[in-house]
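Student: Sequence:
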Amino acid sequence: EHPQREQFTVRLGLSQYLQKAYDKTVATLTPQLAKLTTPDQVAEAQFLIGASQFYLDKPVEAVAALNASLSANAKWRQADETLLLLSRSLRKQNKLDEAVATVKKLIAEFPESGTLDQAHFRYGEYAYAADDFATAAAEYEKVAANWPESLFTPYAVYGKGWSQLKQADYAAAAESLTKVITGSPQHPLVPEARFARSMCLRQTGKFDEAIADADAYLATKPDVQQQSHALYERGMAYVGLKNYTEAVKTFESLLAANPDYAGGDKVLYELGWAHKELEQAEPAVANFTKLAEKYPQSPLAAEAHFHIGEDLYGKMQYVAAGKEYEIARQQATLGELNEKATYKLGWAQFQAEEFAESLKSFTDQVAKHPEGPLAKDGLFMKAESLFKLNQYADALAAFTAAQKLIAGDETTQPEIRQLLALHAGQSASQTKQYDQALKFLTPFPQQFPQSNYLAEAHYEIGWAQQNLNQTEPAFASYELAATKSRGEVGARARFMMGELKFAQKAYQEAVAEFQRCMFGYGAEQA
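Numbering follows the numbering used here, in which position 333 of the sequence shown is assigned residue number 333; successive positions increment by one, without gaps.
To be clear, the hints were calculated from the coordinates, so they are not data collected in a lab. There's no promise every hint is true.
Using 27 Å as the maximum straight-line C-alpha spacing, the simulated BS3-like pairs for lysine-lysine come out as follows [said to hold, decoys possible]:
1. K266 with K166
2. K360 with K388
3. K323 with K368
Assemble the whole structure, with the sequences as input and the hints as a guide.
Tutor: Shown next as structure tokens:
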């Protein structure tokens with residue numbers, strides 16, 4: 001019945017709390033709460049219970065007790081500390097908005113509090129966790145500027161660096177992290193700061209310095225996960241230096257030490273590209289294959305399949321290549337990779353003489369990517385597929401559309417422009433549109449005087465002229481074709497010259513042309 005019994009009980013709880021006997025603190029004070037007679041006693045007891053629950057990692061119970069403390073007396077002598085711990089308990093429950101509101105209340109209502117350095121630091125932490133990196137950087141800066149000697153200052157400067165890094169302000173981030181490294185050289189954060197700075201230096205193109213920081217961090221022998229992150233950064237810095245041999249060594253050492261690294265897909269991707277840069281096709285494909293098989297859901301898997309397809313295509317394994325391109329096309333549903341994969345799928349099918357399938361692929365490509373960099377080529381190949389399927393009317397329409405895009409475009413491969421004119425003219429002739437055929441074919445000899453298709457173009461011009469009853473020009477065109485070709489085109493041209501002479505009843509001249517066709521196969525040797 002001692003008049004100060006309640007006070008002694010609270011003091012006992014405080015003593016236990018200061019000894020970090022948190023379970024005992026809760027056990028001592030909880031049964032006595034109803035017996036406490038003053039608001040300050042209740043506030044302190046609830047604070048000690050709440051703080052103990054916080055350190056026992058029981059944030060729900062901590063929030064209840066700390067709120068009860070403030071309800072008992074919102075201005076008691078440790079109300080600022082109560083608000084601080086309350087905000088941290090809310091943060092543990094991932095209630096970031098409430099945590100921010102609570103710490104802001106502390107800052108506003110207790111401007112002289114001795115906890116303000118930590119309050120601003122925690123505010124920075126909560127903002128960072130909420131991806132509000134600008135606010136986080138500002139709060140961390142307040143700590144560094146106003147409390148340079150605070151225990152929280154190195155952590156705040158480090159946090160500011162990370163906040164700037166997250167905003168892609170890499171130069172400023174590197175500057176902040178350098179302050180940690182040089183300002184507190186013995187601080188336990190220094191290795192982590194060097195790792196973070198290596199990321200910033202790489203992003204600003206300072207690859208050698210980035211490697212030096214990564215190596216310094218690795219020398220501290222961090223755990224395997226952090227080691228893996230640092231090795232990845234070092235490998236990427238070597239990629240930036242175009243030192244692909246060292247990049248390969250670094251990435252391979254990462255996977256050897258940590259085969260199930262969370263970013264394994266990225267490592268395999270970089271390995272594949274590094275080998276490609278070194279013109280080492282086999283290991284490049286092996287890494288892309290491993291990526292595709294081990295990480296089928298990776299956003300990089302589609303490109304991996306594309307590279308596998310490219311290798312198979314280069315080996316003329318068109319059916320197998322098509323399967324890889326199809327997977328890449330399906331996984332990369334939009335964007336440049338979808339266009340490239342669909343385009344190459346069409347080419348693989350075309351080379352495999354699956355013209356109906358190539359028509360579908362090229363049609364899909366130009367429909368989905370009408371403004372894409374491969375749109376002109378895709379439209380041309382759509383027309384080529386129709387041409388191969390003997391669908392000449394549709395082919396002519398497609399060639400005409402392609403010519404509107406390609407005409408005058410010197411960036412288009414000369415062979416494409418030559419085949420477009422030739423096959424468009426042939427398609428027009430097949431549909432008996434001989435005037436249209438001549439529009440495509442007549443400019444050919446002047447535009448492409450060295451073309452391998454020149455003889456065939458002359459022949460097709462002659463055929464269109466013949467069908468328009470332009471006999472003399474047709475004969476001249478056939479003669480040009482026969483002169484330019486020692487092969488089948490020349491033979492056909494000689495034969496048609498004989499046919500024209502025969503139709504004119506110039507039989508002796510006709511026989512001479514037929515003989516030249518039979519014995520000389522048509523060229524200058526005839």
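Student: Which hint numbers does the structure go against, in order from smallest to largest?
Tutor: Hints that this structure does not satisfy do not exist here, as all of them hold.
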